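Undergrad: If you read the protein sequences in the order shown, they are chains A and B.
Note that the working numbering has the first sequence beginning at 41, numbered continuously upward.
Note that the working numbering has the second sequence beginning at 291, numbered continuously upward.
Misleading hints may appear alongside valid ones.
Listed below are several chain B residues computed to face chain A (Cβ distance under 10 Å; list not exhaustive) [what the hints assert, rightly or not]:
no. : residue
1   : Ile598
2   : Asp612
3   : Lys624
4   : Ser654
5   : Gln666
6   : Arg705
Don't read these hints as lab results, they were simulated from the structure.
Just so you know, these numbers come straight off a predicted model, no measurement behind them.
All residues carry an ideal CB built from backbone N, CA and C; glycine is no exception.
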Amino acid sequence: MNHDEIRKIAHMARIQITDDEIEKYEDIGDILELAKEIADIDTANIEPMSHPLLNMSQRLRKDEVTEPDQRKQLQAISPSETEAGLYLVPGVFEE
Amino acid sequence: MHTKTIAELSKLLKSKKISSIELTKTFIERIKSFNGSLNAFITITEAQALEEAKKADQLIAEGKHSVLTGIPIAHKDLFCTNGIKTSCGSKMLDNFIPPYDATVVIKLKNAGTIMLGKTNMDEFAMGSSNEHSYYGTVKNPWDVEAIPGGSSGGSAVSIAARMAPAATGTDTGGSIRQPAALSGITGIRPSYGRISRFGIVAFASSLDQCGIFTQTAEDAAMMLNAMCGFDPKDSTSVEKEVPDFTKTLNDSIKGLRIGLPKEFFNNKLDSEISDKIMEGAKVLEKMGATLHEISLPNSKLGIPIYYIIAPAEASANLARYDGIRFGHRCDDPKNLIDLYERSRAEGFGDEVKHRILIGTHVLSAGYYDAYYIKAQKIRRLIKNDYDEAYKKVDVILSPTSPTTAFKIGSKMKNRVNMYLSDIFTVPTNLAGITGISIPCGFVNDLPVGLQLTGNYFEEAKILNVAHQYQLQTDWHKQIPKKYK
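In isolation and in its complexed conformation, chain A is listed as follows (with noise of 0.2 Å):
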């Protein structure tokens, strides 16, 4: 996998890689060469298993209150100021 494929995944998943670093994600294409091989299995009319819960199908509740309001002690352990119970963040459009 070359540098400028690792910077565009790196990217995407919103993870600063310095040119210093680069060089270590190489391997990722070590990792996927491994995947290979499973091109050729025959799938044919398989359909994906996304999870062991076969059958089951999502549970829905009753439209009730069922927890108590936390967000006090949930913004008390934010790395972020917050403001009147809303999180500060930088812009998101430059100025």
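Chain A is fixed; fit chain B onto it per the hints.
TA: Relative to the frame of chain A, chain B by itself:
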């Protein structure tokens, strides 16, 4: 006191021959004296433990106890514990103090157990050696230059060095059974859906399940009785009756059909390990079980598809670490993207970043069908293999790991080689069934683990077989010299 099983300790507590305070102090002292060299614990919760032990002694005095009241335990550091740091072995969560308990933590608290502390682990449970922890490598008490297995290495070592009678773990691709094998103890991963995962930091949601490390299968049965059961807070929790796992431990295994997958016992398997496993199988045969060769033809594809499915799910699950609501945040972000990218770059370690990148790649447009969907189709083939096998046999017996504990650093340069550590455990996770590893001997003074896997929700069956094996053998009673 520290070498006794939970079953034994429970009786001593109830007959008031020992107190929970004494017991808790004994284990806290052992943790303090060994943790410097073994590095099994990230946090020791001494004050809280002594407080809880005092309450447990009161309950026992009042006759209001359950079978686990006053028994000290440890939790892997990815079970959320209210008010106590839950790091997941990562710098990302080094500052994370959850405002709530995981369901399993609550259940075990309600059962009267005492929390001694939180154990070390591979970062975000990604690893087979415990070398990927932000808090440093855990050492194997059988050889401190060797790894203890991973990712639940700290929990495994806490039992192996008798620093706790039981410790929780999670197993996404073998993270309970492989360290149990390499550390010479008992470790069970129940079926997917058997135990609530609410409050357990997520890695790969279609594979993750929590379980328990103990000295014996009997102790594991006692612990699972308290841990299992339906939880409306976990949408993957299954509404199914939980049997009393201790009730069937003494059932005869006469006529039990044991399958040996020919794909696992091929010429690539280390002959010394193979010999130990076959000796174990013969013990069960002597007790009346019958051995049958079976085939799991697609099991060899387990590792390749696991390293597509698990990273894919991890890349989605770990997207929540954004430097905003909890966890690590970088200094002076220039803008929102910079905040995300640097917080994540600084907070995650190498292995986690690798897996997020692999996962992001296999889920991206143009690759999704070739990798992710293809892997899910093969996952079904693997599950179908097990369905076929369990028509012919009751349990499947195999090695837990292809090697004994390897030297620290020896597999860090080659990721693919490291990933093959889980070759015998990963297929179980893909199918979602249950597996246990029990000690069955030594090769060059290092423990070997024997794996028994059972069909969906057949935990009672494999615990029964494991217990019967442990009545005939004493491998599970072996303790590394310095820790006796």
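Undergrad: For each hint, tell me whether it holds in the structure or not.
TA: Hint-by-hint comparison with the structure:
1. Because the closest C-beta pair between Ile598(B) and chain A is about 6 Å apart, less than 10 Å, the hint holds.
2. About 8 Å separates the beta-carbon of Asp612(B) from the nearest beta-carbon of chain A, less than 10 Å, and the hint is met.
3. Interface hint status for Lys624(B): upheld, as the beta-carbon distance to the closest one in chain A is roughly 7 Å, under 10 Å.
4. Satisfaction of the interface hint for Ser654(B) is found here, the shortest Cβ-Cβ separation to chain A being roughly 7 Å, below the 10 Å cut-off.
5. Because the smallest distance between the Cβ of Gln666(B) and any Cβ of chain A comes to about 3 Å, under 10 Å, the interface hint for this residue holds.
6. Given hint, Arg705(B) at the interface with chain A, holds; its Cβ is 6 Å from that chain's nearest Cβ, closer than 10 Å.
Consistency with the previously given hints is maintained throughout, with no hint failing.
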